[in-house]
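2 protein chains.
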Amino acid sequence: MAFQYLTNIPLEKAKKEYLKLLKANGMTPSTEKIKVYDAAGRITAGPVYALISAPHYNACAMDGIALKAGLTFGATETTPVFLTAEQYVPVDTGDPLPQGCDAVIMIEDVIATEGGIRLFQAATPWQHIRQIGEDICAGEMLLPSYTEITPSSIGAMIAAGVLEVEVTKKPVVGIIPTGDEIILPTTNPQEGDILEFNSAIFSSMLRLWGAEPVTFPIVKDNLEQIKQAIRDALAECDLLIVNAGSSAGREDYSAQAISEVGQVLYHGLAIKPGKPAILGYSGGKAILGVPGYPVSGIIVIEEILRPIVEYLGNRLTAEKLCEEAVLSKAIVSTLKYREFVRVRMGYVQGRLIASPLNRGSGVVSSFMKADGIVEVPQGVEGYESGATVKVHLLRPTQELRRNLVATGSHDPLLDEISDLMRRTWGDISMSSSHVGSMGGIMAIRRGEAHVAGTHLLDEKTGQYNTAFIKKYFPSGGVRLVECVNRTQGLMIRKGNPKNILGIKDLTKEGIRYINRQKGSGTRVLCDYLCRQEGIDTSKIYGYNREEFTHTAVAALIASDTADVGLGIYSAAKLYDLDFVPICEEQYDLLIPDYAWDTTMVQRLLQVLKSESFRQRLEALGGYTLKNPGTVRERF
Amino acid sequence: MAFQYLTNIPLEKAKKEYLKLLKANGMTPSTEKIKVYDAAGRITAGPVYALISAPHYNACAMDGIALKAGLTFGATETTPVFLTAEQYVPVDTGDPLPQGCDAVIMIEDVIATEGGIRLFQAATPWQHIRQIGEDICAGEMLLPSYTEITPSSIGAMIAAGVLEVEVTKKPVVGIIPTGDEIILPTTNPQEGDILEFNSAIFSSMLRLWGAEPVTFPIVKDNLEQIKQAIRDALAECDLLIVNAGSSAGREDYSAQAISEVGQVLYHGLAIKPGKPAILGYSGGKAILGVPGYPVSGIIVIEEILRPIVEYLGNRLTAEKLCEEAVLSKAIVSTLKYREFVRVRMGYVQGRLIASPLNRGSGVVSSFMKADGIVEVPQGVEGYESGATVKVHLLRPTQELRRNLVATGSHDPLLDEISDLMRRTWGDISMSSSHVGSMGGIMAIRRGEAHVAGTHLLDEKTGQYNTAFIKKYFPSGGVRLVECVNRTQGLMIRKGNPKNILGIKDLTKEGIRYINRQKGSGTRVLCDYLCRQEGIDTSKIYGYNREEFTHTAVAALIASDTADVGLGIYSAAKLYDLDFVPICEEQYDLLIPDYAWDTTMVQRLLQVLKSESFRQRLEALGGYTLKNPGTVRERF
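So the protein lines, in turn, are chains A and B. Using the numbering used here, the first residue of the first sequence is number 1, and each one after it goes up by one. Using the numbering used here, the first residue of the second sequence is number 1, and each one after it goes up by one.
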């Protein structure tokens, strides 16, 4: 058995050997004949030759008369030629050229006269005639092999009498989801249920690459059942994905199942996420064991399966579109793996800025939000913040140029702004990362964002934001724009079972607090409130447990993972939590002068001033709006 | 009636007013709810919010044990903590965190011992747990409005309990083909039949833009029938294409039909091809009258209909990808229209070269072959050869960089080379234009091609090519590469009804000759043969009637449009013509030093030397191969 236990094979080596092995075992593209009507986007399997000429007859190209050109020789303005009705034939555009004729004269040049017509200009032989083969000659090659069929080539083929065309068959890729805990998607799962959505992701990816995906029923964690499912699927598929159970845990049967039905080339790749991939095969059919975490799965499918699908489809692998970008945050990687880090991107001051997203391999939303991927090669420890790195773009740069880069403090209102901007203009997008108010100020200082939400309370003055801006922008260059006032308070589980009435109660026995991250305005506020009340925060259980958004804090309280957290009213309302209001605070937007005149920022200001924005915030609850979108102060 | 008779409205004005009018009349995108599984590539109609959090429970992220972290505090390498079986719970990855636990310890770190386990390291609270909402928090906005749904966003939606999503409905576009002479495609049409392939082209284009095309049955040239067809189609479509009959000829009913069922904004645009377009409407539904010639139709649909389809689909109009290129041939245009000229393109010596294709509006193959489109604005007379012009690219520049630009003398063997290159490497394409041997030499001299076929006979020496190359490349810089010897002769209709036995017979009464264009090697040969025989070519009927390829000459003889022409054996064989051999000639390839080391040329040489090439030419017939691909002489 070629089985190898959790190896750490470099990606390129594994890819190359796998493809080579599969080819050596007989993997090869197959072909099918289809109607030309259905052929758009398909790949020719061989050269396509014209069966008939186009036009297939000599066609009159004008409305007018057809005749023998010789009859008109000598005709001029002063010496017209007279012809009788027997000497010409009236024709319309598209009519076959009548027998014996070799020219067409436009109706505008024909002067009717008694007993016939007069012509004041001689005709050139073959004028205004679309000759046989003008467009296509029978027998000529229309399309070479391995060429994508476009709409106009469909037209050309039909014109040339080609109604069926031999194309490369779409490879059929089977997807077998496995796992005791895996269930079909539902809106109401039980604890421990894992929704099976990987097959939906993989299927859509495969369709984009020209494959035909087939998802099989979910198989339990049972070696024999998995083996049987693989055998059955192999009978009808060109290649196979066995999803999850690809690692080496107690209930991971994929590697054994694949090695008993077929063989395993490698188990374990030097990539992250995606390490526990299984490169298996049965004859010339790939059987790929894919990790269960969606991000790992996507990367393994993209890196390992895509080249195979493209080979079977006779398609070229599209070159990865790459650009250089500046990292807004360090990426720490390990020497052992090649790591794929999703990033959000945008152009700020003409520089392309890349902000790393959550790297958890279970965080599928990181792929949804990603504009690009930074690869940290094996043997490289990572990149520093501010480093220039190569990014594989997932969206074209034109779109990235119209991306409003928002950062700083989190508030769900940012998403509403994003939606309102798109609904109004369509060509603008907005990406926000939640790094807290201080993080936002620093990002603006480094020239890495267009706007940052901030609500930092200066304890000395009781004022928001200005003291901090003066400190971090001593020479100015930014504007503070009014956004909203919002209510901060304690979010508590519905019914307040632990009877929490204020900040003082946070140190009580059995109270589990959930905090926001250091540097966030809400954390600053919480520290301040505790100091005011003379509370030692080390006495608060969970004070070091940090989340990055109001919503995440609310979600943990709602699920009884924590009892209380400081946050805004709209988050409490969203999760139907009890709320003890503590103070109203000023949530402003910091906008640097360098971004002020961009279309994105100007449109943002328009949205802030709009009636729709007021309506949306009213629906969210807990906000007071005075003059959003106006400049509070210019620094 | 708003009807206007064949106006000449500038395109941008017409587009803008048409879209504005349709919107004012109530045209607006509509929405539908679909399964998330089917949503890839669709556009969100509104913001999508998460219904549940993902994960929706606190999940163990490792195989191992779950416990209360507090139990492990103080554990070190030297002071392990001992726990009994009641104090922890064995868990697998993905299991719900057991009640009362707040940490998971990896199985590797758990040391089994009598009566329980020992731990040598303290656990941090919440370690190795995927907390509720780590990926997505219930209530957060997953996608804003008008956003294309990607594979990973499908995954994120399902994870967030969103199984159905409101998307923009694909606009339904009806296509009504009209015309007495129009028939459904067949491989065996009669004279005068016009194959209806426009609807197949338009449908494929519409699908690419996110619309749902519906093709209706062909309607005869009858006003009432056309009106009825429009009324019926309007009932089920969002917009309508009435194809052909859009001009003002005897049987052109479209404008009248549209104006009687609805209204006409403009009839006649200042574009070429595409002038006789009809911008009609009925309420908020566009009824577009589209010219019958396919090239005109494609341009009208692309320019007028695409923005409407994209508006209805809430899609952004993709920006036209443009590059500057050098024209290899002048484009003469008229001041009156904005003209769209299809061009083939390739990089030669780092410069992007654009060669205009046949501009006939019936020549659908020109669109199939096109790599780009040059727009000559209204009011501009055209561009000179060598001018730098802006080209709208139809293929990405990466592909154009791998395009072998072949020119010069025509031979069907060039298409076979093109096919063999693609079959062997896939990532290389070849575009050949047929400008004759002299044209090819000139193109190489101007630095506009990688290779040119040439077979020019020097009358003085009886030698091929060398004399011409010495004359036009006095300082060298090119190589002459052996390709094939081929048989030239007279191609005559099967059975030789007019008893043509040699060059001498060309002047006989009733013989219709068909010639090749001046500058082609075959024309040079014919002139030479006539001089040898002492024939006055002005006495040959049709000597000035020129075609650009051997195949075109053969096609005209096969269809009895001409009786005889000089050409190569393979063309005669293709059309099953009689053939009177006259001489064997040397068909070489001229390759400039500047292109010699390109991948394209090196691969071309490999193909010439291959066994497959020999086999292909044997099948074509009339060729002798000695050492194809070897350098005859370096200049």
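Since the hints were made in silico from the structure, they are not lab data. You may find that some hints are simply not true.
Same chains, same label: a pair holds when it works inside one copy or across any pair of copies.
[What the hints assert, rightly or not] Derived pair list, reagent style DSS-like, types lysine-lysine, alpha-carbon separation capped at 27 Å:
1) Lys336 <-> Lys573
2) Lys169 <-> Lys15
3) Lys539 <-> Lys220
4) Lys494 <-> Lys68
5) Lys35 <-> Lys15
6) Lys169 <-> Lys33
7) Lys13 <-> Lys539
8) Lys336 <-> Lys272
9) Lys518 <-> Lys68
10) Lys573 <-> Lys504
11) Lys329 <-> Lys20
12) Lys609 <-> Lys23
Against the structure, the hints come out as follows:
Taking the closest pair of Cα atoms, lysine 336 and lysine 573 never come within 27 Å of each other, the shortest separation being 45 Å inside a single copy and 64 Å across copies. Only within a single protomer do lysine 169 and lysine 15 lie at most 27 Å apart by alpha-carbon distance; the minimum there is 23 Å, versus 40 Å between protomers. Taking CA atoms no more than 27 Å apart as the test, lysine 539 paired with lysine 220 passes in neither setting, with 46 Å inside one copy and 88 Å between copies. In this assembly of identical chains, lysine 494 and lysine 68 lie within 27 Å of each other by CA distance solely across copies; the values are 25 Å between and 96 Å within a copy.
Taking CA atoms no more than 27 Å apart as the test, lysine 35 paired with lysine 15 passes in neither setting, with 35 Å inside one copy and 35 Å between copies. Within a single copy, lysine 169 and lysine 33 get their C-alpha atoms as close as 9 Å, which meets the 27 Å cut-off; across copies the closest is 32 Å, which misses it. Taking the shortest alpha-carbon separations for lysine 13 and lysine 539, neither the intra-copy value of 54 Å nor the inter-copy value of 72 Å comes in at or below 27 Å. Taking the shortest Cα distances, lysine 336 and lysine 272 sit within 27 Å of each other inside one copy (9 Å), while across copies they are farther apart (61 Å).
Proximity of lysine 518 and lysine 68 under a CA criterion of 27 Å is satisfied inter-copy only: 25 Å between copies versus 93 Å inside one chain copy. Within a single copy, lysine 573 and lysine 504 get their C-alpha atoms as close as 23 Å, which meets the 27 Å cut-off; across copies the closest is 99 Å, which misses it. For a Cα distance limit of 27 Å, the shortest separation of lysine 329 from lysine 20 qualifies neither inside one copy, at 39 Å, nor across copies, at 46 Å. In this homomeric assembly, lysine 609 and lysine 23 come within 27 Å of each other (Cα to Cα) only across copies, at 26 Å, whereas the closest approach inside a single copy is 62 Å.
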